[in-house]
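Engineer: Going down the list, the protein sequences come from chains A and B. Residue numbers for the first sequence follow my numbering, beginning at 1 and rising by one. Residue numbers for the second sequence follow my numbering, beginning at 146 and rising by one.
No lab work stands behind these hints: they were computed from the structure. Idealized CB from N, CA, C, for every residue including glycine. Among these hints, one or two may not hold up.
[Claimed, not checked] Just so you have them, the derived chain A footprint on chain B, three or more residues with Cβ under 8 Å:
1) 285-294
2) 434-446
3) 452-464
[Stated by the list, open to error] Within a straight-line C-alpha distance of at most 20 Å, the following computed DMTMM-like cross-link-like pairs (lysine to aspartate or glutamate) qualify:
4) 345(B) to 412(B)
5) 341(B) to 83(A)
6) 150(B) to 208(B)
7) 345(B) to 86(A)
8) 255(B) to 319(B)
9) 176(B) to 319(B)
10) 176(B) to 468(B)
11) 248(B) to 197(B)
12) 426(B) to 397(B)
13) 93(A) to 169(B)
14) 122(A) to 397(B)
15) 419(B) to 164(B)
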Amino acid sequence: MKTTKKQENKTFLAAVVLPLGLSVGTVKAWSWWSALALAVLLVLFVKMAPACRRRENLWAFFLVMIAFAFPNVHLLRLYYFSEYAEEFSQIMKIIQLPLFYSVLFSIEEVAIGAITRLLSDKQYPLIQEQNEGTAHKSGPKRDSA
Amino acid sequence: MPWKKYPLANNWLEYRRTDDGAYEVTDVEHKRVYAMGTLAVRFLQSLDGHTDPCKANPAYTSEEADSFLKYLDRHRLLRHGRLHDLRWFGTLFYTIWIPTCGKKLARPAKIMADLLNLLFLPLLVVSVLVFLHHPQASGGFLFLGMALGLGLGLILHEMAHAMAGFAANARVQELGLTLRYFLPGAYAMVDSASVKSRWKRIRIFAAGIEMNIFLAAVCLLLTQCLTAVSAALFMAALTNLMLAALNLTIIDGLDGAAILSELLGVEGIVNHAKQAVFSKKTRRRLLRRGAPGWLEVLCCVGVLIAQISLPILHLINILSIGEGLML
């Protein structure tokens, strides 16, 4: 099924608004299960939305970046006020936060990226500098032979 | 005393025969390609450090051999010791082992890599559950536990990469110790590009992280048996978990970035991200493609933002040392 540019733009808008809503919802009703449910929802969305076809991993990366922003900040807040962080100085605690955010972000990206790739292996390569647009005409190119 | 008696060719060279009967010699590390004739390539391949190049290549007179050796040396195709070139400020490599028996190791390595793949996550879950039910963290030697955990974690991490490389029939060029951006560590040079299957390449990159998680799980389980040093074992487990988490970060040169590159289907995600964000031409071309183009640019921005982790990590190290000295 071919997707039009309009459809893609609508999905793009939905992919920004919906995950943000889900993200806020996850933080409001925080539990590890809700975070897991968020991840499952994202993978299902990417697998099912027609506009994400053949670009599932790219969409998954973007969605995780948005949807897990609030849960990650929530986790960092939990850490900041926890007894584990008490042994560090104030400066150290503040400096640690972006590093921990980056670690959490990377783990989520890699984990959900791997699941997405397992579910849909045939995808377009990320950026096609030389033969821009040819991927649509000649079908998906698997970058591993 | 020199490392080898005779000249030794760099072990990260790849030889490919071209259509006209000549060879393309690729320096994989420095990304340089040389065109050479068959005789020259045979000469280069005979430089194993043990044989006299003049005796091994009767086609060359000693003068010719000397001048060719000078040429090879000028182009850094020869090695003189265990220490590599300083490529970046604060970075050096020290070779420990150059594997020459990769094919023999393929089968046992495959069994071990499969076992690691199967066991690392269930073992972690079991060990964490056991530890939460019976927390054991008594005894001293905390610093020793951390140091041993770090040392063992770094070495076994790289050995796991090499093991996965042998299992996937990739060329494992060498293993050694390194100082990277002033941080001590170990390294394994595995030519993963020669592996065709994407999942095998991902397994090579992920093997080190899996090994760190496995080690952490084993240390956590050992806290139940060796109660006298359980605090040290707990520190070792924590250090290995931190190593695994840091290695998963999307920083250029770490395993996380390599895995993500494979998952997204691009060679070198960080370089790609730099190009997509900082090159006006590429960015415009991408944005013209509509939603997928915007997506790519936004994702690339995310990847570049993650790069701040490395300077932060250094800052934390410096501050930790400073705090330690002040105490």
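Engineer: Would the pair residue 345(B) and residue 86(A) pass a check requiring their Cα atoms to be no farther apart than 20 Å?
Structural biologist: Not satisfied, since the Cα-Cα distance of roughly 43 Å exceeds 20 Å.
Engineer: Regarding the pair residue 122(A) and residue 397(B), is the alpha-carbon distance no greater than 20 Å?
Structural biologist: Roughly 26 Å separates the two Cα atoms, so the pair is violated.
Engineer: Establish whether the coverage given for the region 452-464 of chain B by chain A is satisfied; the threshold is a Cβ-Cβ distance below 8 Å, and no fewer than three residues must meet it.
Structural biologist: holds (count 7)
Engineer: Residue 93(A) and residue 169(B): Cα distance at most 20 Å?
Structural biologist: The hint is violated at about 53 Å.
Engineer: Are the Cα positions of residue 419(B) and residue 164(B) separated by 20 Å at most?
Structural biologist: It is violated: about 36 Å lies between the C-alpha atoms, which goes past 20 Å.
Engineer: Is it true that the CA of residue 248(B) sits at most 20 Å from the CA of residue 197(B)?
Structural biologist: violated (27 Å)
Engineer: For the pair we were handed, residue 150(B) and residue 208(B), check the Cα-Cα distance against 20 Å.
Structural biologist: holds (19 Å)
Engineer: Does residue 83(A) sit within 20 Å of residue 341(B), going by the straight-line distance between their CA atoms?
Structural biologist: Roughly 48 Å between the alpha carbons, so the hint for residue 341(B) and residue 83(A) is violated.
Engineer: Between residue 255(B) and residue 319(B), does the CA-CA distance stay at or below 20 Å?
Structural biologist: holds (18 Å)
Engineer: Residue 345(B) and residue 412(B) were given as a pair; does the straight-line alpha-carbon distance stay at or below 20 Å?
Structural biologist: Holds - the C-alpha atoms of residue 412(B) and residue 345(B) are around 15 Å apart, at most 20 Å.
Engineer: Has the given pair, residue 176(B) with residue 319(B), been kept, meaning a C-alpha gap of at most 20 Å?
Structural biologist: holds (17 Å)
Engineer: Given that the region 434-446 of chain B was listed as covered by chain A, double-check it with a C-beta distance under 8 Å for 3 or more residues.
Structural biologist: holds (count 9)
Checked against the numbered hints given earlier, this structure breaks hints 1, 5, 7, 10, 11, 12, 13, 14, 15; the rest are met.
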